[in-house]
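Could you put the whole structure together from the sequences, leaning on the hints where they help?
Chain by chain, the residues:
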Amino acid sequence: MDFVGQLFCERTFQFFILLSGIIGWIMGYMRQDFKITCYFLACGSALSAVVCLPDWPWWNRHPLDWLPARNSLPPPKKRVKEGERKHGAADGTAGGAKAGAAGAAKKGGKPKKA
Amino acid sequence: MHTFWQRVNAIFFYALSVLGFLALLCAGTTYFHTAHPDVQLGLDRASLRKIMGAGHEQATLRLSIDADLSTVFNWNVKQLFVFITAEYVTKQNKLNQVVVWDHIVTGKEYARIHSSSIVNKYSLTDQGYGLRGNDITLVLHWNTIPITGLLTTTGFRQSVHTFTLEDQYS
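Chains as they are written, first to last, in this note's numbering: chain X, 681 to 794; chain H, 92 to 261.
Lysine to any residue pairs mimicking SDA-like chemistry, simulated, CA-CA at most 25 angstroms apart: (1) H:Lys169 with X:Ala722; (2) H:Lys185 with H:Asp226; (3) X:Lys715 with H:Thr162; (4) H:Lys169 with X:Met707; (5) X:Lys715 with H:Thr197.
If you're looking for bench data, these hints aren't it; they were derived computationally from the structure.
All figures in this text were calculated on a predicted structure; none of them were measured in a lab.
Here is the structure:
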């Protein structure tokens, strides 16, 4: 639900509940039974719950305009890991994984070779 | 409002606030409500006896009642608690009020109370010996139990029944 959707959603359920309450109160006064008012209000609340509770598509029609992402390099930690993975895969054999792991341990936190 | 549970909270408490406001308005409309109850009380038989050793005397009453309280009901009345008091004056007290009978009216359709022989539920007992030969007045009262608002008590003094208890024990 976007920000404009949140505003509309709040106004919508307030309108439904208040309208059903007022109609229910007038009906209850005419029939001299306060139970009618309660039923009307409960129905209005249920209707507004169906309309406003789930994240329906009509509450998402004003998406935010995000700034475009800056074209920066990924952080160095990630680059080291990528290099290791490449190294292990380059060995190709069953023993290669072990060798790769050993190589990684030996290298420690050193930056990428070559 | 940006999560499901926040919306549940907002809708529920908004509806609750509206209900409270409407209930207040409902109580306001009944403030000007006027009732026209029709009450006839009577006494069929009364007998008096002295409780030996206890230091007081006690009367047994057989009452008749014909009351139509349906106009007391409106949309803010849940039920009525109806009771009859016996009121009398003694040397000790300016006013003695003893509840001798009560009844709960749960709806407008039950608001017609008609009975010719009610025996008092609660005994009419004096603190001393003030009942013999005394004038007793029977008054119908009711508590109006509302849906919202104040619980009020009405003593219907437009139609009461006064009688004199006999001057001897039976």
